[in-house]
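Engineer: If you're matching them up, the sequences are chains A and R in order. In case it helps, this note's numbering puts the first sequence at residues 1 to 283. In case it helps, this note's numbering puts the second sequence at residues 1 to 473.
Please keep in mind that the hints were generated in silico from the structure rather than gathered at the bench. Any given hint could be a false lead.
As the list claims (entries may be wrong) - Stretch-level coverage of chain R by chain A, calculated; a stretch enters the list once three of its residues show a Cβ under 8 Å from a Cβ in chain A:
1) 3-17
2) 245-251
3) 259-267
4) 280-287
5) 404-417
Each residue gets a CB set at the ideal place from its N, CA and C atoms; glycine is no exception.
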Amino acid sequence: MNNYEILSKANIAPQVTRFEIYVPKIARKRQAGQFVIIRTWEGGERIPLTIADANPEKGTITLISQSVGKTTFELANMQVGQCLKDIAGPLGTPTHIEKLGTVICIGGGVGTAPLYPITQAMKKAGNHIITILGARSKDLFILEKEMRNVSDEMIIATDDGSYGEKGFVTTALQKLIDDGRQINQVIAIGPTIMMKMVSLLTKNYNIPTVVSLNTIMIDGTGMCGGCRISINGAIKFVCVDGPEFDGHGVNWDEMLKRMGTYKKHECVALNQYKKHHREAEVA
Amino acid sequence: MKTKERLQIPPVGMQQQAASERIHNQNEVPLGFTPEEARLEALRCLQCKNVPCIAGCPVGIDIPSFIGFIAEGNFQDAILKIKEKNVLPAVCGRVCPQEEQCQLPCTVGKILKTTEKSVSIGKLERFAADWERNSGSVSKPKLAPKTGKRVAIVGGGPAGLTVAGDLIKSGHEVTVFEALHKAGGVLVYGIPEFRLPKKIVKNEVENLQSLGVEFKYNYVIGKIESIDELFQEYDSIFIGTGAGLPRFMGIEGENLLGVYSANEYLTRANLMRAFDFPNADTPILNVSRVATIGGGNVAMDSARTALRLGAERSLIIYRRSEVEMPARNEEIEHAKDEGVEFHLLVNPIRITGNEEGWVTGMEDIKMELGEPDASGRRRPVPIPGSEFIVDVDAVIVAIGNSPNPLVAKVTPELKVNRWGGIIVDEKTGETSIKGVYAGGDIVLGAATVILAMGEGRRAAKAMHEYMMNEKTD
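Okay, chain A solo, but in the shape it has when bound:
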């Protein structure tokens, strides 16, 4: 087996692919909350992907990628037996794992992937885990079974009511708060807007809230500063200070804007890729 080789690949939701990749050093070293930076080819960009799981004996890590731009589409089109061009990691500061009491783990869409190893570790540390998974509709959930296995209670929420309770993850969280449940910590990972809404809600009740941010990065090793965000007014770097931060301190609006810096470029690159890919398929 070659380093960075794709050993298995599965489509686990529309536009969401799970890969098992051979990279034994990282498989042994990674801790919950850490990520890798990958490239698909020689002219490729460097993108961060959270490590969803690892098997140190087999020497593999699990990456889950949602196809949204050129690089993620290209990754999804890679086949078993092919090798990624580069994988660097494990990067970022690992999650602080501690027995706190009751921990609510909130996952939105593909954000469940980074949430899973953290939930696993928090459960192992002796916490009572209440998981809330949310998505627009039933077919968009990932890792539901895995999350059930590491949770004491499980709540499912869909925007359209096609599965579980109708509403957002914040609706379910508000209900737990209203029920007077003791909540020692909330961990929320998902779309930026979801993490923002959860943080705004828990701030009203002073419930400590950890979020994991997935900003634009280049080197990912504390050199370029492209991943910077504002935490309580101070500049922090997601790649070395994070990726996890106190959700109450994040300047969400600034982050949301910064995430859109290359929207136009992303469209150009994706369209060009899709055109070439189609031409290649036809040929």
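Given the structure of chain A, go ahead and fit chain R onto it with the hints provided.
Structural biologist: Coordinates of chain R only, in the frame set by chain A:
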């Protein structure tokens, strides 16, 4: 030839790409000497007995000897002479600040009363290195018998590559652990193609590989392996992890869309080849008015890169005057020729943006020079009421960076100063951990390629002694 005759030869200028042309391409600006030009320039060297130039070279190249060989047309021996002391001559010939080092005390410059008329040592070094590379047969230095000792080098930048070159020659086994997907450090992510073609760096790395140096890429020491773990396999370790997080001004608007650190801007353009987007995947903003804050070489590189990426106006905003600028004169001149506008004695107060968060301008204040400060340079003082707005759509902050935090963060025994730089013994480069050495920007903060190489050279010598003594213990 008599001294008087030598002094009468006018300095040989190097052909350059015209400014109007070069701002539309990434090709190198100075085109290099022809053999005839090199020999003529070499004849200007007086072959002084007291060799002031050697004292000015951080790695101590025998400058008069290699120049003597060039004058004779013996280019092979010239490059061999240089390579006795310098593992990256094609790089140093281009990016060393020779006017502050070897060329500063040059007797020819002294007699002719200006450093500008010193012998062009750097250009001759470049010539010799390019000649060898283009000849297709790169001479391999002799390697000492194998010692059985193993060295880990953390970071494949100028300091690390120097240590690798020195220690492989001393007979040790050498592995370079590079965090990025390419070796060269700042030579590949920072210094632009038009100042240092990347094929030259690639070539230098391949030369080291051909001598037996092993390169491991995507290998982030401090994350994938600790210093302790490296010691299970290696006898001595060199840390040359270089520049870390960029500094910002701490003014309003620095997180607006279109504000870059110079590190990010240059990394996108150079390492990630954003100038070739969408053929390469990494994007960079296509903007028409760019302001770069800072007065060093990195600021010049950024402002000149912006022009090549299609900016109509590229401004340098610097709070002191031109004489205080840390950038090399050559870089300042090149930037001016290309149309970079210098706004001197100006300091930014805030960056302004629109509702979507995009940069729209910068509010600046005029400065005047007051009393000298701790650096010996006259302190810039704001002139009250002189605020004004400049319309720009991108800002590049090039005011320096702190040393890379990764290794120190997970290695508590490694002593660092309050800026995060690793503390080393000045004579040996040894850190607070026995057998672990460090050098380059991780020690110095932001310095130059050649100073990093000088530190690498010093550490390599000490590491060699350390490992050989350890054997007899």
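Engineer: Determine for every hint whether it applies to the structure shown.
Structural biologist: Verification of the hints:
no.: 1; hint: 3-17; verdict: violated (count 0)
no.: 2; hint: 245-251; verdict: holds (count 3)
no.: 3; hint: 259-267; verdict: holds (count 5)
no.: 4; hint: 280-287; verdict: holds (count 5)
no.: 5; hint: 404-417; verdict: holds (count 4)
Hint compliance for this structure: hint 1 is the single one not met.
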